[in-house]
Amino acid sequence: MTSIATRLSSYGINVAIALTALRTNLMRSILTTLGVMIGVLAVTLAVAVGSGAKVSVMESINSLGSNMALVFPRPDTEGGRGTEDRGRLTMRDARAIEREIDGVSAIAPQLRSSIQLVATGRNASTAAIGATPGYGIVSNITAERGRFITDADVNSASRVIVLGPTVAKKLYGDFDPVGERVRVNRVPFTIIGILESKGSSFGNDNDDIAIVPISTARQRFATDTLAGPDDLHMLFVGFQDGFSLRTAKREMTRLMRDRYRVRDKEISPFTIRTTEEFMQETAQVTAIFQAVLVAIASISLLVGGIGIMNIMLVSVTERTREIGLRMALGAKRSDIRNQFLVEAAVLCMIGGVIGLILAIAAAAAFEKAVDFPAPIGIATSIGAILFSALIGLIFGGWPAVRASRLSPIEALRSE
Amino acid sequence: MVPPLVETQDLVKEYVLGGETVHAVNHVSLKIERGEFVAIMGASGSGKSTFMNMIGCLDVPSSGEVLIDGIATREMTSDAMAELRNSKIGFVFQQFNLLARTSALDNVAVPLIYAGVSGEARRERARATLTQMGLADRLDHSPAKLSGGQQQRVAIARALVTNPLMLLADEPTGALDTHTSEEIMHVFQTLNDEGITVVLVTHEADIADYAARRIVFRDGEVIEDGPVANRRRGRAA
Ligand SMILES: Nc1ncnc2c1ncn2[C@@H]1O[C@H](COP(=O)(O)OP(=O)(O)OP(=O)(O)O)[C@@H](O)[C@H]1O
Ligand SMILES: [Mg+2]
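Protein chains in written order, with my numbering: chain A, 45 to 459; chain B, 15 to 251.
Excised from the complex, chain B in its bound form (with noise of 0.2 Å):
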């Protein structure tokens, strides 16, 4: 049997700020298979962020378990956990975070410099990459000379480039215009139907309708899941 690609069981994050202890993220047991698209949704502070950086293995729970592909990352070393974001995991954040004064190419070869590949095929998948994001043409600009939804796009291969089981993007949309935001949730669902597994934080509720899956929170715990009623399907660019 396939194990859930995501599981959290028990999971909690607290933060204790003079003297009060906030629970970011309460007891939340749930699991997410390969091959979905989960939207996750909820008020300012519902604690989704917390939520996705402790299943990106980025932030480290207060109590309760992770697991990812079957493995359990609780007792995982850094080097462990570095390698499991490296290899499994692909993240798209709201300001894009590329390299400034960096080409196209080489910010998204940046995760294949840790994953050990040698420059010149280095170079040639994040070349492929780029050209899956239909950006051939853009591969020497730097983010500067590149507009939003482009340097998302970017974002978008740089995650892809070293083949992960998921993406994980914390409002990819955010810092975008709608007609843009539809272009890039149709990137989303074009790598979903190729069988990536696509985890996204949003709280618009016309952008979490692309997902076939929506998961709300709210003061650190799941109030709803279930099943997308009426699912977008975004148009091409």
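Pulled out of the complex, with its shape left as it was, chain A reads as follows (with noise of 0.2 Å):
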């Protein structure tokens, strides 16, 4: 027990000694220490940046709808072959994955076109969604003034349109819209409904979009990249909270290739993704950009530990006496290694510290800038210093082990 204590002491006494040796040289100190401290503030930086993409990423994804299934009418090419045949998707697949799979909550078949608005004097253009009462349902979405679409809207095509935020204020600036006309391609509508705003992902605005029933989308815009009458451009499909997309996609992908009577090894004329792959997807990407961010922010802490193991060089070989000495004294190899290491490793925590409140600081100033999340907890805020540390450790060994190779008696007669 005394030993510990003793032990720990001993560390204490390295950390007054090495702080006492950097207070001696304190401008050098402040020089050397300021390479580890970008490098941190860099790091940190990147490691932040890095996490908000992953966050506001994942924030799109699940503002998508938590746990669906995209269905699209593309040949599903992913095992690399190209092809040019056109995909299939219709109406009637939708209502029997609805019937057939299990766990389906709701379904969102769709149709997709570019609209052109005009109200007052004022236009706009913006996409088009046609849809049915099931896409509230999927995307999580419903209206914030009026209401959504309807079955009736649908069984009637009923030339209503519901208007996301951006589409509504730029067609109305701060005006209630619901109720009144506006013309859709030439053709009047009633407006029914604002949407609630979903906000922005990665500069594309989630608000700039009209829904509309997809029977009228049929009815009255441009669908002329679609094979027949029954077919959509996207199907959405909600499933119950916990259950298993993978599961879903695999039962879904049998009764689709069912359907069109796909042989084996022919690709599917049609794509299922789901937000579960996305996620996954998502999360290895931002992966990768995270380590390449930090990899790149790694070079400026190498610079800055290559600049920490310079300067204990010089340490060691001005001290070299008072290696000697302490030598003399009793102390034993490992006691001066172990003295010059809690000094590079002092060094480059307070160089770490310093550069972590930069980072906050740094982060916090980014985030009010550009609008992109850049959090840095108190894992990162911690790995920052003890990282920092480490770098100390790695860049101040050799000098230390050198220290502490040095033969006594020749240490003593140095000068």
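Rather than coming from a laboratory, the hints here were simulated on the basis of the structure.
Counterexamples of contact, computed for chain A against chain B with all Cβ distances above 12 Å:
#, residue
1, M71
2, S157
3, P177
4, E188
5, G217
6, R227
7, R305
8, L337
9, G427
Between beta-carbon pairs, the in silico distance windows are:
#, chain 1, residue 1, chain 2, residue 2, range
10, B, R115, A, V358, 12 to 20 Å
11, B, D154, A, V336, 52 to 60 Å
12, A, L346, B, H193, 57 to 65 Å
13, B, R247, A, R72, 46 to 54 Å
Computed footprint of chain A on chain B, listed as stretches where at least three residues anywhere in the stretch have a Cβ under 8 Å from a Cβ of chain A:
#, segment
14, 62-73
15, 96-102
16, 113-125
From a predicted model like this one, the values you see are computed outputs, not experimental measurements.
Even glycine gets a Cβ: it sits at the ideal position worked out from N, Cα and C.
Two chains, each in its own frame: build the complex with the hints.
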């Protein structure tokens, strides 16, 4: 027990010796630690921006709707082979999926088209989604004012439209346009609702859309890219919470391949993706993005580490006589080595703490300036400080070992 | 039977410089018993320091053996040597070798760090030893604020703080004036009277006269070894 206490107190002594040595050459210590400081600043910011990217991508995937599959009428060429074939996806497929697949909570068949809106002299163009009430459920979106489209709207193909907040603002400013008439591709429509805001992701405004009944879209908007009168541009399939999308995807694929009589080894004329897959791919991509950022930033930390190594070598040379003296007084090689390791680690940790504080300030400024999250959490902070200590141990290692290998008498006789 | 405190057997230290071999210490065999006060003399370059450094386990012989308290040192690891220096030997240097910008108390406590003595006990023992050296009112002074004689007494306190069996002092008065030298020699004599073995290197005959035994080196060999005829007794400060 006493030996542990002694150990600890001797580390305390080492820290005290280190601080004294660092204070003695204050200017030099500051300049040396500057390298580590900048390195830690760069790496911490890289980590922050990387995790910010991850957070914002995950958020935008979540804004799609949490547990869902997306089906496109596009041949699934994930295996690598390209194809000229036109894909297939129809309303009948959508109903079959709703009927036969376990765990489906709602389906949202869609047609997509770009439209021109004109109201009281102002105009706007946006992307229109021809949808059913299921779209609101699967995408987890509601009308903030007015109402969303209903089954009745779909059945009667009525000329009603729900505007995204951006479109509403472009056409009407702050005026509430619910109940107003708007001309969509020259045809008069009634605005029945304004969607709640979904913000933006990657500079892409999620509020710059409009929603009309799918039947209306089919009648009135150009759908020339489709093969038949029952075809869809896209289908969202919502699943109950916690339901395995992996199984669901397998079942859906099997069902659809049966429906189109796709033989083994032939590619499917449709593509199914799930939010689970997006999440995984995104996690991978953002991890790579973050790793690249950190790797680039690490170069500055490496340079800082080399600065530490340089200064520690100078320090060892300058204090050769002190090393000899300590050895004469009974210091073991490990004592000398630890003394210099602690000195390097303390030097780096001071740089690390300052670098971290600067990084936190810079991240806050960055978040304000470009509206992009750059979180620096407790784990990152502790990691940054421990990592800077590690840099000290790594780059202080060789000088420290060199100091410990000196012969006592040669060290004492130096100068 | 108690072994001699120091025994050298056929001790040799050679340096090869530019193809020429210098025999700094040339086949020296001698014994120093517990409680002795030995002065090592000789002209510059005669091998005094080299010999001293080998019996202090700071330097390794080219051949031959050094036994400290009956223990052979030739095969010792560097850690074992460090421990031996720490526990059995106290060094006093010509240039004092105190840590700058470090208080007298902390300077004296350094060997205790390596002996594994914990913080408070370390300070207590350092304080007691400095008090013994008559420096009770200089504990917090850094070396720059102490006179040469005071600095050397701090250094002696540092050598004594681990209760070693012997003090090895290479020209301890070399940087001091005559009066202060006499004071320091008195300190050594008092310590020797209390039972500690003292070995000192000097080239001044009147400093050597404080010792009880004189060993004279020439060209790395012992040419004279015997009791001091008219031993001087130092005077208190
Ligand atoms: N590291 C070394 N390399 C080469 N030669 C050395 C070394 N150390 C000592 N010598 C040589 O060994 C001989 C003895 O040196 P040493 O220092 O022991 O003499 P000394 O008796 O202590 O002299 P002084 O009274 O001047 O201190 C000298 O010739 C010296 O040049
Ligand atoms: Mg000498």
